[in-house]
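> Now for the letters of each chain:
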Amino acid sequence: MKKLLAVLLALILMAPAIAMAEDKAANTAKEFVVFLDKNSRENHFIPSGWMGDYGDIKMNDQSADSPRSGISSIQFVYSAKKSQNQGWAGVYWQNPANNWGNKKGGFDLTGMTKLTFWARGAKGGEIIQKVMVGGIKGTYPDTVSVEMGPLELTNTWKQYTVNLVGKDLSYVNGGFGWATTADLNPDGATFYIDDIKFEVDPNLKPQGRVQQAMPFYVYADRSSIANHFIPSGWMGDYGDIKYDGSSKEDAYLGDTCIKIVYNGKATQGARWAGIFWQNPANNWGSVDAGFDLSKAAKLTFWARGAKGGERIEEFKVGGIMGEFSDSDSASIGPVILNKEWTQYTIDLKGKDMSYIIGGFVWAANVDNNPEGATFYLDEIKYE
Amino acid sequence: MRLNTNKVARDGSQTEANLSPKRGHFSFVLRTVPILFLLILSACQPKPGVYIQRLKNQHYRLIVNGSPYIVKGVCYNPIPIGANHEYDWWSDPNKPWLADGKLMKHMGINTVRIYQPPANPEAGKKVIRDLYKLYGIRTLMGDWLGFWEYPCPFYGDKKFQDKVKKQVIEMVNIYKDEPGILGWILGNENNYSCLGHVNPWSSPEIDQQPDPQKQKALRARIYYSFVNELSKEIHKIDTLHPVGLGNGELLGLDSADKYAPDVDFVACIIYRGRTFGNLFKSIRATFDKPVLLSEFGADCYDAYLRREDQDMQAFFLQSQWGQIYENLANNKKGAGNCIGGTLFEWTDEWWKYNPDNPQEWSLHNTESGWSNGSYYFDIRAEGNKNMNEEWFGIVALSPELENGLNKRLPRKAYYVIREFWKHPALKKALPKKSSQGG
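If you read the protein sequences in the order shown, they are chains H and V.
For the first sequence, the working numbering begins at 1 and goes up steadily by one.
For the second sequence, the working numbering begins at 384 and goes up steadily by one.
I should point out that these hints are in silico values taken from the structure, not numbers from a laboratory.
There are no misleading hints in this set.
Residues from chain H that keep clear of chain V, each with C-beta distances beyond 12 Å, as calculated:
#: 1; residue: E42
#: 2; residue: K81
#: 3; residue: K104
#: 4; residue: T110
#: 5; residue: L151
Derived DSBU-like pairs: lysine-lysine, alpha-carbon spacing no greater than 35 Å straight-line:
#: 6; chain 1: V; residue 1: K768; chain 2: H; residue 2: K130
#: 7; chain 1: V; residue 1: K641; chain 2: H; residue 2: K298
#: 8; chain 1: V; residue 1: K597; chain 2: H; residue 2: K298
#: 9; chain 1: H; residue 1: K130; chain 2: H; residue 2: K38
#: 10; chain 1: H; residue 1: K137; chain 2: V; residue 2: K768
#: 11; chain 1: V; residue 1: K541; chain 2: V; residue 2: K597
#: 12; chain 1: V; residue 1: K641; chain 2: H; residue 2: K295
#: 13; chain 1: H; residue 1: K82; chain 2: V; residue 2: K768
#: 14; chain 1: H; residue 1: K349; chain 2: V; residue 2: K641
#: 15; chain 1: H; residue 1: K114; chain 2: V; residue 2: K716
#: 16; chain 1: H; residue 1: K316; chain 2: V; residue 2: K664
#: 17; chain 1: H; residue 1: K298; chain 2: H; residue 2: K265
#: 18; chain 1: H; residue 1: K137; chain 2: V; residue 2: K795
#: 19; chain 1: V; residue 1: K597; chain 2: H; residue 2: K316
#: 20; chain 1: V; residue 1: K430; chain 2: V; residue 2: K715
#: 21; chain 1: V; residue 1: K599; chain 2: H; residue 2: K298
#: 22; chain 1: V; residue 1: K542; chain 2: V; residue 2: K508
Quick reminder that beta carbons are idealized off the backbone N, C-alpha and C, glycines included.
Next comes chain H alone, as it looks inside the complex:
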């Protein structure tokens, strides 16, 4: 008995040392596993952080259906039923489980330069809106936040790489995560993920900002992988707005368009309202993200009013001000809409479009729309 107690005591005393050794190992090892197989001893993070419409997600963490390696992979079935009325869902791998930054955990992964993982869709064509490394906030926030996406999966295994060169990986609790939306997968999606790990690649160079090729869509169609901004920035009397990103009422092109109903009731007392399309969602300049759209000479979009005569005060690109502000802005307006689809252009010649997080915005007010306004938008793109 005494011997057993002594061993236990020794183990308790050694636990911090073991943990420290593991932390150090993270600094010197050539790879650091997030997740291999369910019962692998090398796993360091747990797929515990279910987000958004978590009721839409089913996870089988020992799917034997053609794993990439080992004996299993993780299967996710996303139903897109919007169980929690969010329209999106996702999962974070955390350490310890369910750590949303409220407790000390995570690892010092300094020295790692990339995260790799394998993924495939059950049919092919499933869209993961983004994958994340870090980005969990809270009292103990991750020191890194990198996102990559959207990814259109194939029905065979494919490896993906998130470049982490130059990133501060000194505290990583959210080792990996994915998120997607019902709009991108209206019929749901079944996909598999395997072999997620951080790696050292001395030949990898820092990822510079890529000048995006044109045309570059803000909105093409509700499920389009080409959509690059999210209509998340609701402003002014946001309670006056109804947004439908998949309206089938006479879309200009494709099968859907955007329908906006602004009732002009001044719910928040502002007497105006508007929506910013942002990257990532809800980025008011606090997240270093967005796109380099330097090749764009103009932004075009199609619009029509339900009745004709609806007055939109401003259509604009850029102009979000924050720690990471848009590099420029340009606008047209006021615009009085026609009942028929009409194309409008925002001229971007001479503008600095090298850093754009606010891809598009409209704003209208009560004074010029006392009865409110219903209008439609489609094919919003940089050219």
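Chain V: place on chain H using the hints.
Only chain V this time, still in chain H's reference frame:
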């Protein structure tokens, strides 16, 4: 036929020059050299007054009495605690500009921007002279161009234009010979009225136009044409000082390019937080004039934590001045079109939150009036309102009196900018802003 060029005296006798060629030469030289010398000397004399110089590399710089001049300035409106904007500080027997001028000189300020001259020209001249003679501080004098007249500024109305023009010309005539005058600034964000954001106005011509976009363009044409006319009138009577256009942000400058070619510089009012973004390059592309940042800065009240934060203000101002210096002439890194700035502002103004309630003029209000995400440290304040109008001074006012004036308490930004001006190390990393209060 060859002409005889020998000079002959009227009486027919040959002149001395012809009689003795060598002596004639000598005499010619004697007479010509001093004239040439004087001509060369005068050519070498600096051109008097204040003007903009466009360099070979297309950069701009301000020249004052022959020397390059970087405007290191502040907006100056020393309203004491307990008074509002109607207070005539020019006639204050305690002469606040003397105490302020001394502090300004100590900091390195060389210019004050004043929005409007006083009703009493002698009082105005006295202040300008004192600041210049005692402390070497020059004055940029402005005029509101009737922007706040009730019910709105009718820039399309000839009578209104004539009234404003008369007032402006009167100002120039009164002050143009003051050695302390650096230049004129016409308006302050008046361009926002063209968009209908502030003090919207119209005219019969505009009313006839059904397209609201064209209405905006018409207003811009009318307004900037009027400013141009004022600028030309000023140049007629005062060739020694440049004229600036007090423009809010960059809005309307494409119209200014068409209709206001006679203004000498853009006096830009801009609140973009840590950086000015692409402002300098953008002005190059739209309205290629030198830029004076005539209003910029940061307040020093953290609306989220609800406490004074001098570090926050100093952080933003140091970063902003760094950008100003990067864009001065002959700095390869920038656009080369900046001539300096007048930061907003010298002292706090305690009347601003509620200008109509005298009881509040003695309270240092901490309520925020508007939101600006570029000042991101306190953007999480309620309703995102983080801008505190009464806390923009780089010098705080104390209710305690000193020589009849509210005691001046320089804030951290005062010292940080003073050091920056002494050693404008552009590449030096900014200190990380800590969150401690002031």
